[in-house]
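Peer 1: Residue numbers (the numbering used here), protein chains in the order written: chain A, 1 to 899; chain B, 1 to 113.
Don't take each hint at face value.
When the alpha-carbon atoms are kept at most 30 Å apart in a straight line, the in silico DSBU-like pairs for lysine-lysine are as follows [what the hints assert, rightly or not]:
(1) A:Lys323 with A:Lys600
(2) B:Lys61 with B:Lys88
(3) A:Lys4 with B:Lys78
(4) B:Lys19 with A:Lys4
(5) A:Lys163 with A:Lys323
(6) B:Lys61 with A:Lys4
(7) B:Lys19 with B:Lys88
(8) B:Lys61 with A:Lys673
(9) A:Lys653 with A:Lys673
(10) B:Lys76 with B:Lys61
(11) A:Lys167 with A:Lys4
(12) A:Lys425 with A:Lys236
Since the hints were derived computationally from the structure, they do not count as laboratory data.
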Amino acid sequence: MFDKLRILASRARGLLTRRRLDQDFQQELDSHLSFLTDENVRGGMTPEEARCEAHMRLGSVAQLRETNRELRGLPWLEALTQDVRYALRMLRKNPGFASIAVLVLDLGISASVAMFAFVDAALIKPLPYPNPDRLAMATESNGERNGTFSRANLSYPDYLDWKRLNKVLSSIDVYTGTGYLLRTAAGAQPVPGSRVSDGFFHTLGVSPILGRDFYPGEDLPSGPRSVILSYAAWQKWFGGRRDVLGQSVLLSGNSFTIIGVLPRDFQFAPQGAAQLWTTLHASDSCAPLRSCHTLNGIARLKDGISLQTASDNMKAVAAQLEKQYPDSNRDRSAIVAPLSEDIVGTIRPVLLLLLGGAALLLLIACVNVTSLLLARSESRRREIAVRGALGASSSRLVRQFATEGLVLVAAAVVLGLLAATWAMKLLVGLIPADMMASMPYLQGLGLDSRVIAFTTAIAFGVAGLLALTPTLRLPLSEVRNGLGEGGRSSTGNLWRRFGSNLVVVELAVAVVLLVGAGLLGQSFYRLLHVDLNFQPDHLATLEIAAPDATYGQDAQQIVLERKITSRIASLPGVRSVAVATRQLPVSSNNDTDWIRFVGKPYDGHHIEVSERDVSGDYFTTLQARLRRGRYFTDAEDESRPNVVIINQVLARKYFPNEDPIGHQFGDTQLTPKSLRQIIGVVDDVREGSLDSEIWPTEYLPINQSPDTYMGVIVRTAQAPESILPTLETVFHQIDRDIGLVNESTMNERIDASPTAYLHRSVMWLVGGFAALALVLGVVGLYGVIAYSVSQRTREIGVRMALGAQRSSVYGLVLKEAAWLTGIGIGAGVACSVAAATLMRRLLFGIAAWDLPTLVAVAAVLAVAALAASYVPARRATRVDPMDALRCERSHRVIGRLSD
Amino acid sequence: MTNDRSEILQGTLDLMVLKTLEAMGPLHGYGLARRIEQLSEEVLRVNQGTIYASLVRLLQKGWISAEWGASENNRKAKFYSITRRGRKQLTAEAENWERVSGVIGRLLNLSER
Chain A
1 MFDKLRILAS RARGLLTRRR LDQDFQQELD SHLSFLTDEN VRGGMTPEEA
51 RCEAHMRLGS VAQLRETNRE LRGLPWLEAL TQDVRYALRM LRKNPGFASI
101 AVLVLDLGIS ASVAMFAFVD AALIKPLPYP NPDRLAMATE SNGERNGTFS
151 RANLSYPDYL DWKRLNKVLS SIDVYTGTGY LLRTAAGAQP VPGSRVSDGF
201 FHTLGVSPIL GRDFYPGEDL PSGPRSVILS YAAWQKWFGG RRDVLGQSVL
251 LSGNSFTIIG VLPRDFQFAP QGAAQLWTTL HASDSCAPLR SCHTLNGIAR
301 LKDGISLQTA SDNMKAVAAQ LEKQYPDSNR DRSAIVAPLS EDIVGTIRPV
351 LLLLLGGAAL LLLIACVNVT SLLLARSESR RREIAVRGAL GASSSRLVRQ
401 FATEGLVLVA AAVVLGLLAA TWAMKLLVGL IPADMMASMP YLQGLGLDSR
451 VIAFTTAIAF GVAGLLALTP TLRLPLSEVR NGLGEGGRSS TGNLWRRFGS
501 NLVVVELAVA VVLLVGAGLL GQSFYRLLHV DLNFQPDHLA TLEIAAPDAT
551 YGQDAQQIVL ERKITSRIAS LPGVRSVAVA TRQLPVSSNN DTDWIRFVGK
601 PYDGHHIEVS ERDVSGDYFT TLQARLRRGR YFTDAEDESR PNVVIINQVL
651 ARKYFPNEDP IGHQFGDTQL TPKSLRQIIG VVDDVREGSL DSEIWPTEYL
701 PINQSPDTYM GVIVRTAQAP ESILPTLETV FHQIDRDIGL VNESTMNERI
751 DASPTAYLHR SVMWLVGGFA ALALVLGVVG LYGVIAYSVS QRTREIGVRM
801 ALGAQRSSVY GLVLKEAAWL TGIGIGAGVA CSVAAATLMR RLLFGIAAWD
851 LPTLVAVAAV LAVAALAASY VPARRATRVD PMDALRCERS HRVIGRLSD
Chain B
1 MTNDRSEILQ GTLDLMVLKT LEAMGPLHGY GLARRIEQLS EEVLRVNQGT
51 IYASLVRLLQ KGWISAEWGA SENNRKAKFY SITRRGRKQL TAEAENWERV
101 SGVIGRLLNL SER
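Just chain A, same shape as in the assembly (with noise of 0.2 Å):
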């Protein structure tokens, strides 16, 4: 073995140090010549003789040379560096066909490439902590609606009872995203936050890098209160010190102790924004209410639980509970599922339909190269048989060929691999800051082991298909026949019908992807259309955090409510302002409430509506109409009777034949304090994101449910954007401990809004990969046809001269291109109708099959491709019958002279 090894080092050397060795050895056999020569002299010869017989008896000296050569190098790997140097010199010497070959496999290898980085951040990287399959979300569901279990939070009460009584988990623990006040140098900043149970870092396996964990039972409303810091707020806001530990810290207004300091790589991707991790501290007016659902839970399952008989556990305990709490617990399952789900769940089928549609661009930039190869190798049929007539072996043209190949897949990947790095960064650059924050993974995207894995075995798998066709195509067999004639129509037809199936994939692919990023984009145009039933423009919005310590009581938040509205109404410009509590139009609906109406039947199903807590100028400052009944006033507050705004939805829903201005309903036990009475009906505002349905919602004014947390909508004469600085002023001159976020117009919030991003971004890059693909097929079939055309070109002189009209030359050319394209398009599009109905969860109002899309899809694609098909076509009839002929003959007599 060591020997071996040490042969081929030596061989190695050999190869380097190649003309010095053979200096040496020439001077050695020289040496060994005049010894001979010498003893012959002794021996009585005449120099002359002496010179000769000692010649014979060394031997050959070429030979001997050769022998050595032979043996000092490493001969498979001097015929490599030779067959590429030849394909270097052939590719040196057609520019245009290398540099068009590099850059098309380039475009699809990188695009390849880049895609599978995210894929690889996001979908197959291990979750960045111990033992991650181990990890699982677990929450309850919700049966209600349309009896489909859907992800719901878990209540206090309900995750202690989990806790105690499940088999299946070593820990479980819960934990909510929050917001704190925290005042910096640049004034109150509200900053995000989690409060979680005492053993949620545990339980991901994570420990501080600096102090300590929550102990157990530092979550409880007795605990102290105590932050752990992110790494990021640590540097920021505290310099980095560590004598951090200890401290106190103002958040909103209450003191906080810093325990601790959290890794610099560490990530949680639920609560990817948060900053201050605090506990719990049960103790707010939700906490012990079973019906109060505001918890995310995630759990380590024992060793040896697979997830099945955890969830089934998990689920048995759910029963367990809706027994003993029908009230609150009626129709309440649970979820167990890996963790990943939670974080990738939503990302995952828009990850894998863009590489899917970068492996389409990858073929088709396969099959271009492919083709052009299979081009090159027909026009060179006489080299090859010149080659082979001049006793190279056909496994050395093999070799050659795939050689070239080879070279031009090396080159295409390394290019490809530079082009993916930049559109990596390019891409993640485009990420908004927000957005990122929820996806905290794929700030380990990159060219890593995984990657470069991918890119190996693309690139071996392109460069087989390179290597391989043209040489399945070598007309070996023929070399005499390649000699003798002209050689030109029987195999230019043998190509014609090869090539031609190559571009049918060629066309059937871009129309896949056409029609994908077709859905696409009409997708993304439904939804930024989709009816708002408000008037976005000329809106400014903002929300606002008030510090608990000044604004705790509901009597001071309304009168800062009031206060807030008067003093922005009374700036010039401002048309009208609201305030809303929970959440701004066209953000989520997640905050709900249940409820039961006064005088229906009830069967303890829960009714499930959204909750919106408004001001009495919301719907005019939206310029959403009212159906029915009033709107709240100012003056409407715990003092005066309980009353209720009701949208559209809610009311076709529970009262389909009935006015339902004056009726009451009330939580699920008809409580007295919480009965309401109808006021009003509005249109169904679009609260929730733009591509879920308009749920039944409820909107109680906000004098009766104030909050320091609070929306701010503007309607402005002038443009929105203009007022926002003026809106901060107000705020700092009503009290500089009010933090603000989120200061923008409503239709960038629109425009920014998750939903509306991922489908921008999605429709962008599969229209990408469809811009390119249209191109990369239409050149395709302009490739076959004009060579088509130009091995015809003795066939249409004949036509010709034989008095064929132009009409019915055009007619001889377009006619292919027709079938080929005919063929292509129809391929294409029954493929494009299973992969859209593959991608369905991404489209938004509008059918897989979507006869208008595919109908333009097929036109774009016929023009395109008849357009590419005429320029060949109109050179075909411009052919002098005569010089077709004669062309034919002197590429004859070219040839026999060039070879």
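Fit chain B to the supplied structure of chain A, relying on the hints for placement.
Peer 2: Chain B in isolation, oriented as in the chain A frame:
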């Protein structure tokens, strides 16, 4: 010369070169070739050049080393000498050779009987 014979010859020639170098000390190619011819009583009168293939192989395996020097009549020549690894190898090969030739000798005697 067929391939089979040359292969056998290769092995034996390598062994002879090693042994000669061990016995005689450093030698140049011509000296080696002459010495082997003499020792084999001129039975092995092949092209002297073949010795160079053997020398390259042995050099690559690290069993011999080479150095340019001056011959007795002051002619420039490349001198080969056996290395420590070469000696070890020679012992092993020689034993092997004796065993095999013993076996073959016995076999041949057997068939003669």
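Peer 1: Run every hint past the structure and note whether it holds.
Peer 2: Hint check results:
no. : hint                   : verdict
1   : A:Lys323 with A:Lys600 : holds, 24 Å
2   : B:Lys61 with B:Lys88   : holds, 13 Å
3   : A:Lys4 with B:Lys78    : holds, 25 Å
4   : B:Lys19 with A:Lys4    : holds, 22 Å
5   : A:Lys163 with A:Lys323 : holds, 18 Å
6   : B:Lys61 with A:Lys4    : holds, 8 Å
7   : B:Lys19 with B:Lys88   : holds, 11 Å
8   : B:Lys61 with A:Lys673  : violated, 98 Å
9   : A:Lys653 with A:Lys673 : holds, 25 Å
10  : B:Lys76 with B:Lys61   : holds, 25 Å
11  : A:Lys167 with A:Lys4   : violated, 60 Å
12  : A:Lys425 with A:Lys236 : holds, 25 Å
Violated hints, listed in ascending order, are 8, 11; each of the other numbered hints is respected by the structure.
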